[in-house]
Structure formats: C-alpha cells, structure tokens
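Engineer: One letter stands for each residue in the lines below.
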Amino acid sequence: MNAPPAQRLMAAALSLLFGGGVAWVVLQLPAESTGLATLAYEALPRSGVSNPVTAVLLNYRSYDTLLETGVLLLALCGVWSLCRDEDWGGMPGAAARLLDGGPQLPAFVRVIAPAGVLVGGYLLWAGSHAPGGAFQAGTVLAATAALLLLGRLALPPSTGSIGARAVVVAGFVAFFGAGLLFMAGPRAFLEYPPALAKPLIVTIETVLTISIAATLALLIAGPPSAPPPPAGHGR
Amino acid sequence: VTLGFAFDLTVCAMLLFLAWRSISVQSLFAGVVLYVVFGVVLALAWLRLGAVDVALAEAAIGAGMTGVLLLGALGEIARASAERRRREGPP
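Protein chains in written order, with the working numbering: chain B, 110 to 344; chain A, 2 to 92.
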C-alpha cells in the first residue's frame with residue numbers, strides 16, 4: 110500500500126500510457142463495421158436456430174463453446190483440490206457456513222426458488238430464437254440452487270458421488286459426442302447436418318444447462334470440508 | 002442533448018466511479034458489493050449498446066456468480082484468520 114513515491118509515480122505513468130493506448134486503439138476502430146455479421150445472417154437458415162448469437166455459440170463457433178465448458182470443469186477440479194486430503198470426496202460445507210441467518214431466508218427461498226426454475230427453463234428455450242441460452246439459463250438455475258444451499262433447504266451432494274460427477278461432466282460429453290457423431294465423410298468435427306441442427310442444438314443446450322447449473326452451484330458450495338462417509342456405507 | 006445521451010453519459014460516469022471505488026475502498030466487503038453494482042451497471046451499458054445476450058451474461062455471471070464466489074472467499078478468509086488467532090492465542 111505504501112510504496113515509495115517514485116514507484117507510485119512510475120505505476121501511474123505506466124497505467125496512463127496503457128490506458129491511453131487502449132483508448133487510442135478503440136478510437137481507431139471504424140465506426141460502421143460489417144464484420145462477420147452479414148455472413149452470420151446469411152447462414153442463419155441452415156444453422157437450425159433463428160437467434161444469430163446462439164448460431165455463433167452452438168454452431169459456427171461451437172469449438173470455442175466446447176472448450177469453455179471444459180474450462181468450467183477444470184475450475185471445479187481446481188476448487189475441489191483445495192480440500193484437506195482426508196476430506197477428498199466428502200461434502201462441501203462452505204456455502205452452509207456463509208450465512209447464519211434467521212428464518213427469513215428459508216421462507217424467502219421457498220417463494221423464489223420455483224420462479225428461478227421457471228426463468229431458467231424459459232431462458233434455455235428462448236435461446237434458439239431470442240436472447241438467452243445455456244450459460245444464462247445455467248447461471249439462473251445455479252443461483253437458485255445456491256439459495257437452496259444458503260437457506261439450508263437442500264444439502265450439496267457428496268463430491269465423491271458418481272451421480273453428481275456424471276451430471277457435472279454430462280454437458281461436455283454430450284457436446285463432444287454430438288461433434289463426433291456426424292463426423293463421417295466430408296463433415297468436420299462439430300459440423301452438424303442442417304436438417305438435424307435444431308434438435309441437436311436444443312439437446313446439447315439442455316444437457317449443457319443442467320451441467321453448467323450443477324458445476325456453478327458446486328463452485329459456490331466450495332471444496333469438500335468434511336470426510337466422506339466410510340466405505341461400504343452404500344452410495 | 003437528448004435524454005438517451007444524458008443517460009449514457011451518466012452510466013459511463015457511474016462505471017468509472019464504481020470501478021475506482023471498488024478497488025480503492027478500504028473494506029473488502031464494501032469492495033465486493035461495489036464490484037457487484039459495477040457488474041449490474043455494466044450490464045445496463047451492454048443493453049444500451051443493443052447486445053442483450055452479453056448484458057444477460059454480464060448480469061448473471063459477471064455480477065451474480067462472481068459476486069457470490071468473492072463473498073464466499075471473503076467468508077473463508079475471515080474464518081481462517083479467526084482460527085489462526087485462536088490457535089496462536091492472544092499476542
């Protein structure tokens with residue numbers, strides 16, 4: 110905090126230089142750019158969806174989205190690996206410790222949770238023709254799940270449970286699998302036949318939404334903080 | 002000067018102010034709260050630019066999700082330092 114004045118002056122000068130450079134580059138951009146928008150709109154009828162943003166995310170540039178879901182998985186692995194050795198595979202407990210509220214929170218969550226599920230489901234469906242999609246829907250569902258955890262109306266799953274892990278990886282596996290499925294002949298990885306594009310994209314987005322919701326909720330739940338139940342206890 | 006331009010100017014000024022305050026404020030909790038408000042105002046800015054999808058993502062992930070994760074980290078820091086104080090005893 111209390112760096113010598115010369116150092117602070119230099120930091121200020123560097124920040125100004127960098128900020129000014131970024132501002133200059135932004136001002137140099139052409140005011141009206143067609144960019145790739147015309148191309149994206151032209152191919153829209155063959156993409157399977159009518160929302161150009163979803164077409165880019167799930168069809169034209171689905172490779173980027175696939176890698177994003179992979180990054181989310183790695184983030185969860187990173188959080189889980191922060192636990193003590195004996196807690197590995199146990200239940201996360203950070204979220205439950207976060208708030209020690211009174212009875213207001215559970216009562217509020219009981220009212221708001223059904224609305225959260227409804228909004229999440231709507232955003233998922235709307236994604237094919239209007240703003241929305243898997244990430245937004247997944248985040249709303251994850252927030253609902255986080256509220257349930259904070260209100261102690263639900264317990265997080267044990268991080269060692271096969272079911273929980275399957276839900277978390279399902280989105281990436283479904284996305285990757287759909288990419289491989291139609292790779293026959295001239296088609297490249299993640300290239301869908303136009304006739305099947307819509308059902309494929311809706312299926313991928315649905316599974317992705319559930320996986321993203323579970324992953325984000327488990328990220329909030331934090332690393333495992335209690336040892337797993339002893340083996341042979343039945344899973 | 003139209004009403005829309007005045008609104009945009011206000012949003013830009015608020016963004017700069019919130020960004021500055023969220024890193025300069027002393028209390029970490031206040032910093033997180035300011036950061037969440039910054040995310041919501043930024044979503045408003047995306048909305049004004051007509052990028053509804055980006056606005057949704059910013060509000061849900063940038064403001065909501067990141068805010069909750071930062072609050073969680075804050076709670077963990079407080080808990081860990083309280084535990085260390087208890088273990089080491091009074092100075």
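Calculated directly from the structure, the hints in this document are not laboratory data. Watch out, some of these pointers could steer you wrong.
Below, a sample of chain A positions facing chain B; criterion: calculated Cβ distance under 7 Å [unchecked claim]:
no., residue
1, Leu17
2, Ala20
3, Val38
4, Val42
5, Leu57
6, Gly65
7, Met66
8, Glu84
Computed from a prediction, not measured in an experiment: that's the story for all the values here. For each residue, glycine too, the CB sits at the ideal point set by N, CA and C.
Engineer: For a quick check of understanding: which of the numbered hints are violated here, in increasing order?
Structural biologist: 1, 2, 3, 4, 8
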